[in-house]
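Visitor: The residues making up each chain are set out below.
There are 2 protein chains.
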Amino acid sequence: MSGILYGIGVGPGDGQLLTIRAYRLLTGAKVIAVPVKKYGESSRALNIIRETVDVAGKTIVELEFPMARQKSVLEESHKMAARKISAWLDQGEDVMLITLGDVSVYSTCTYVLDKIRQMGYPIRIIPGIPSFCSGAALAGLSLAEGDEKLAVLSSLGESSEIEKILDDFDNVVLMKAGRQMENIEKILEEKGLLKNATVICNAGMEDMYIGPVDGSREYGYFTTLIVKKGSREL
Amino acid sequence: MSGILYGIGVGPGDGQLLTIRAYRLLTGAKVIAVPVKKYGESSRALNIIRETVDVAGKTIVELEFPMARQKSVLEESHKMAARKISAWLDQGEDVMLITLGDVSVYSTCTYVLDKIRQMGYPIRIIPGIPSFCSGAALAGLSLAEGDEKLAVLSSLGESSEIEKILDDFDNVVLMKAGRQMENIEKILEEKGLLKNATVICNAGMEDMYIGPVDGSREYGYFTTLIVKKGSREL
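As you go down the protein sequences, you meet chains A and B in turn.
Counting from 1, one number per residue, gives the positions in the first sequence under my numbering.
Counting from 235, one number per residue, gives the positions in the second sequence under my numbering.
So here's chain A without its partners, still in its complex pose (with noise of 0.2 Å):
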């Protein structure tokens, strides 16, 4: 009989905030299969449970996934990071492919989650706090309250389609918002909406800032901006 793959969210960045599932599953595993930019490179998900899961004595499979664009090369890394899995699964081995956040939410696992059910194998889904939820604690803000509307984008496309969800929704959460940080001031500027916006950039680590969006400051990968028009009438 065949592995099963878990595909775990392990939470935002803090080893506290694993679930109780996530922390029984992976202390009990013997293969954990862990996404990395480049072999060898570390990994922030591998880093996250280290801080309460005992990895020793463990196999740890890493997948890589490069960041790259062209469908061909995500493509040949879906494909291999499954030949990997699927070695194990057919030794009937469980796999724990653990991922930063929640398993759902933007996550490159489902990729290979999918890939491996269309292969056959059972999968199971354990979901994580995503970043954005995180944030919004960390912040001390709402996302959604009563009637209002959230829209959650890993991406900036064109200004227009960022104004007009500006325009639609209450509440905006832009995740991996750093590189676009100047043309999202802008509009945001031009919208009056800069005083609604707090960045949440590297939230949990040493370097974390909250506040409000600052022309001056570099902002990384782990950048998520959350634009709250709402104000509560009690």
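Keep in mind the hints are simulated off the structure, nothing from the lab.
There's no promise every hint is true.
Over 10 Å on every C-beta distance to chain A, these chain B residues come out as not near it, computed from the model [stated by the list, open to error]:
1) Gly262
2) Val270
3) Ser277
4) Ile294
5) Pro300
6) Ser320
7) Gln325
8) Glu416
Partial list, derived from the structure: chain A residues whose beta carbon lies under 7 Å from chain B [unchecked claim]:
9) Leu18
10) Asp102
11) Glu145
12) Lys149
13) Leu153
14) Ser155
In the SDA-like style, the derived pairs of lysine to any residue whose C-alpha atoms are separated by at most 25 Å in a straight line are [to be verified]:
15) A:Lys71 - A:Met119
16) B:Lys398 - A:Ser154
17) A:Lys229 - B:Gln352
18) A:Lys149 - B:Glu397
19) A:Lys229 - B:Thr342
20) B:Lys463 - A:Asp114
21) A:Lys149 - B:Gln414
22) A:Lys37 - A:Pro66
23) A:Lys149 - B:Ser306
24) A:Lys149 - B:Ser394
Each residue gets a CB set at the ideal place from its N, CA and C atoms; glycine is no exception.
Since the structure of chain A is already known, use the hints to place chain B on it.
Guide: What follows is chain B alone, placed relative to chain A:
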């Protein structure tokens, strides 16, 4: 010195999806504040934590949040909740206010947290797994990949509004969709999106239903609909 109010998301209805942080805080707590619809009624949030946290000997403070829409009634319930909590904080006790799912996503507790913060007490927010993430996990769906846009709505306004969002977004989550399912089904049918919709009803409960929209079913309060337009090409 006053105590701290912790707003703790306990996840979607599965004690194993509590985070380690929530588990530790609740295990160490003396006072747990629990939202109920009516005094004396059972609290889903409390039942969730009971699965893993021993609450014997702890003080359980019920906060009544009636299912009303009148501003004055809601305002009165938030004031009363703040009064009860601040009485404990004044004695130097920390209070753990538990809430279903995540704290920032459509939680009644945010009103109370804000009120307590305005009164000058310290607050901390501990995020939890939002119900739509666990719903997606149970249904084996991704909510957003790559450049996809995700919209989350907790209540349906005009039909024209939901039509617009279905046009503009790749993936749409409709929470608390139960009462409006007939209208939603009509809209989805007109747009040819019925096949893209998955209902997650009473997730984790005995009468859980995950599957296509089925007009012959009764849908209760804990009904989430995920509409996923994007089809992945690998």
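Visitor: If a hint holds in the structure, say so; if it does not, say that too.
Guide: Structure-based check of all given hints:
1. Gly262: holds (13 Å)
2. Val270: The assertion about Val270 of chain B holds, with a minimum of 19 Å to chain A.
3. Ser277: Since the minimum Cβ distance to chain A is about 20 Å, Ser277 of chain B lies beyond 10 Å and the statement holds.
4. Ile294: holds (21 Å)
5. Pro300: The claim stands: Pro300 of chain B keeps its Cβ more than 10 Å from every Cβ of chain A (closest is about 15 Å).
6. Ser320: Holds, since 16 Å exceeds 10 Å.
7. Gln325: holds (24 Å)
8. Glu416: Nearest chain A Cβ is 20 Å from Glu416 of chain B, so the label holds.
9. Leu18: holds (5 Å)
10. Asp102: It holds, given that the least Cβ distance between Asp102 of chain A and chain B is near 5 Å, below 7 Å.
11. Glu145: Holds. Min distance 6 Å.
12. Lys149: Hint holds; Lys149 of chain A Cβ to chain B Cβ min 5 Å, cut 7 Å.
13. Leu153: holds (5 Å)
14. Ser155: This hint holds: Ser155 of chain A lies near chain B, its Cβ roughly 5 Å from the closest one there, short of 7 Å.
15. A:Lys71 - A:Met119: It holds: about 20 Å lies between the C-alpha atoms, which stays within 25 Å.
16. B:Lys398 - A:Ser154: Since the Cα atoms of Lys398 of chain B and Ser154 of chain A sit roughly 20 Å apart, the hinted pair holds (cutoff 25 Å).
17. A:Lys229 - B:Gln352: holds (19 Å)
18. A:Lys149 - B:Glu397: Answer holds: Lys149 of chain A to Glu397 of chain B is near 14 Å, not above 25 Å.
19. A:Lys229 - B:Thr342: Holds. Lys229 of chain A to Thr342 of chain B sits at ~18 Å (cutoff 25 Å).
20. B:Lys463 - A:Asp114: holds (16 Å)
21. A:Lys149 - B:Gln414: holds (16 Å)
22. A:Lys37 - A:Pro66: holds (5 Å)
23. A:Lys149 - B:Ser306: holds (23 Å)
24. A:Lys149 - B:Ser394: Satisfied, since the Cα-Cα distance of roughly 14 Å is no more than 25 Å.
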